[in-house]
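Chemist: As they're listed, the protein sequences go chains A and B. So the first sequence is residues 5 to 191, counted in the working numbering. So the second sequence is residues 658 to 1019, counted in the working numbering.
In short, the hints are calculated from the structure, not lab data. Do not take every clue at face value.
Unchecked claim - Calculated lysine-lysine pairs in the DSS-like style (CA-CA distance at most 27 Å, straight line):
no.	chain 1	residue 1	chain 2	residue 2
1	A	K40	A	K28
2	A	K41	B	K712
3	A	K58	A	K79
4	A	K40	B	K740
5	A	K121	A	K108
6	A	K65	A	K158
7	A	K65	B	K712
8	B	K996	A	K28
9	B	K814	B	K750
10	B	K750	B	K740
11	B	K750	A	K79
12	A	K40	A	K65
13	A	K58	B	K740
14	B	K814	A	K64
Quantities reported herein were computed from a predicted structural model and do not represent experimental measurements.
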Amino acid sequence: MQNYEKMNDIFNTYPPMKQKNVPKESLLEHSTRYLKKICTGFYSLIQGMDITLKYFLNPKKVITQQYPENRDTLKMFDRFRGPVSLPHNENGEHACTACGICEKACPNGSISILATKDVSGRKVLGQYIYRISQCTFCGLCVEACPFGAIVLAKDFELTVYDRNELTWVLNKSKSQGSSDTSQGEYS
Amino acid sequence: MSAAETLYPLHNGIGNMVRDFFPESAFYINAVLGLTALIILVSSLASILIYLERKVSGHFQVRLGPMRVGYHGILQPIADGLKLILKEILKPKGADALTFYLAPMFPLTATFLIMAILPYDHHLQLADPAGGVLYVLGISGLTVLGLLLAGWSSNNKLSLLGAIRAAAQMISFEISLALIILMIVMVSGTASLREIVLSQQGLIFDWWIFKLPFLGILAFIMYLVVSTAELNRTPFDLAEAESELTAGFHTEYSGMSFAMFFFAEFVNMFISAALATTFFLGGFHAPLIGISFVDHILNSIPGFIWFFGKTFFIIFIYMWFRWTFPRLRIDQLMSLEWKMMLPVNLILLMMVGVFMVLGWAG
Chain A
5 MQNYEKMNDI FNTYPPMKQK NVPKESLLEH STRYLKKICT GFYSLIQGMD
55 ITLKYFLNPK KVITQQYPEN RDTLKMFDRF RGPVSLPHNE NGEHACTACG
105 ICEKACPNGS ISILATKDVS GRKVLGQYIY RISQCTFCGL CVEACPFGAI
155 VLAKDFELTV YDRNELTWVL NKSKSQGSSD TSQGEYS
Chain B
658 MSAAETLYPL HNGIGNMVRD FFPESAFYIN AVLGLTALII LVSSLASILI
708 YLERKVSGHF QVRLGPMRVG YHGILQPIAD GLKLILKEIL KPKGADALTF
758 YLAPMFPLTA TFLIMAILPY DHHLQLADPA GGVLYVLGIS GLTVLGLLLA
808 GWSSNNKLSL LGAIRAAAQM ISFEISLALI ILMIVMVSGT ASLREIVLSQ
858 QGLIFDWWIF KLPFLGILAF IMYLVVSTAE LNRTPFDLAE AESELTAGFH
908 TEYSGMSFAM FFFAEFVNMF ISAALATTFF LGGFHAPLIG ISFVDHILNS
958 IPGFIWFFGK TFFIIFIYMW FRWTFPRLRI DQLMSLEWKM MLPVNLILLM
1008 MVGVFMVLGW AG
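The whole structure should be built from the sequences, with the hints applied where relevant.
Modeler: Structure representation (structure tokens):
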């Protein structure tokens, strides 16, 4: 009986859900329930109004960004997923060992690791090919990387005029200096 | 002439000036001036309220609202209006042409007719019929007629469903509204809106919201709930429930005929708030608190500023309701009216009668 009354209170179904052989509640019980419903209802309404009033009175906390105006100061949020990037330290070195796990983890085949051998015969990264046109920014490559070599960057102004410009080479070759988004010949 | 003078109490500076210069035709000139002022007031109010609604709703939802057109979007209503004027008025196939084009005019006409008798200040009121309260209740029926005609003539099942819902809701809640207004008529002893305001003269505690011990504030809260339902605003916006009926009775309307519904909706919100001010918050009276120094400053502010200030405060409360509460279901709405509001209102009315007999009511 208790359960059905509770469900009627919550869902307010019409016609009300009924159970057989329920003892009829007295007028006092009925009116107490009625009053209690009104009081709890008003309390929950006031709780909701309190929340919205707090939003209203704090205009500095709005989420909306005035984008073209605040382009210089705009900082993307922590959980924002941008393009894959390979961070380099101040000596121009990165942590990638050309193991190819990210390449296997990528569901779209947007990563290709082209490995070469250095003078001592060790396998090193030749070119980290990243095709942003195929990327869905799922972040599985970042999760798969055992060395933490790649991250999802915070850039979002990625529009270009030519499709060929969407194939990036992420590692910077030491001789050519910094060319993060050199045009790919591998498309 | 004297009867007409009491009906049109334009005893302010401009009205008297016209009477001095043109004693013969002052009656007609004053009426034309008043109606012109009313048209300007209604059209500017609609755009102000639409801008306010968008800004306030934005901030309630942690957004900014319109920001692009002018400084903080203040020219947005003009841009909206231009867009609506330039848009074509489409008539669906099989719609009843006469009724379809006639329907949007009813709600807008009703707003003009009610705005004419609102007491904005001591001598700033177009007409003051002795049965002003009855007039208000009667004219607000025109809005329902407009909605029903719009829904019926659109040849669209969603429009018809929305219109039927709107009519059922407005007719049900009008009973509660009438009972609350009847309570105010009982305690103030008059049905003229100006006299109701004048009956609250004095300190802030002479307003009907405070003057009736405990019952006044209860009646005020009930008035807010009932008038929100009467306005078809969220949480009672079943008539145009976007998720169920696309837009309800104005689904098929576009361009200026949609704008008429839209304007009428917003000006009706102002009218409801203005009536709440008139009935409960002392109309154009300043909130005097009994300290002569403060009261002197408060009294120096003109009455229409107090009137509009109080009205916009209540409009803010309506907007606050709208952007906080979720929509009710139709059976919940009806049970709210017939099982809660109506019995409570009847008990309230009875208690006010008892209070008056015992001499506690003011």
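Chemist: Work down the list of hints and note, for each, if the structure agrees.
Modeler: These are the hints, each one checked on the structure:
1. A:K40 - A:K28: OK: A:K40 and A:K28 at ~19 Å, within 27 Å.
2. A:K41 - B:K712: violated, 34 Å
3. A:K58 - A:K79: holds, 25 Å
4. A:K40 - B:K740: violated, 50 Å
5. A:K121 - A:K108: holds, 21 Å
6. A:K65 - A:K158: holds, 21 Å
7. A:K65 - B:K712: Holds, because 15 Å separates the two Cα atoms, which is no more than 27 Å.
8. B:K996 - A:K28: Between B:K996 and A:K28 the Cα gap is close to 20 Å, so the pair holds against 27 Å.
9. B:K814 - B:K750: With Cα atoms ~13 Å apart, B:K814 and B:K750 stay inside 27 Å; holds.
10. B:K750 - B:K740: holds, 24 Å
11. B:K750 - A:K79: At roughly 52 Å apart (the allowed maximum being 27 Å), A:K79 and B:K750 break the hint.
12. A:K40 - A:K65: violated, 36 Å
13. A:K58 - B:K740: Outside the cut-off at roughly 34 Å; violated.
14. B:K814 - A:K64: Not OK: B:K814 and A:K64 at ~45 Å, beyond 27 Å, violated.
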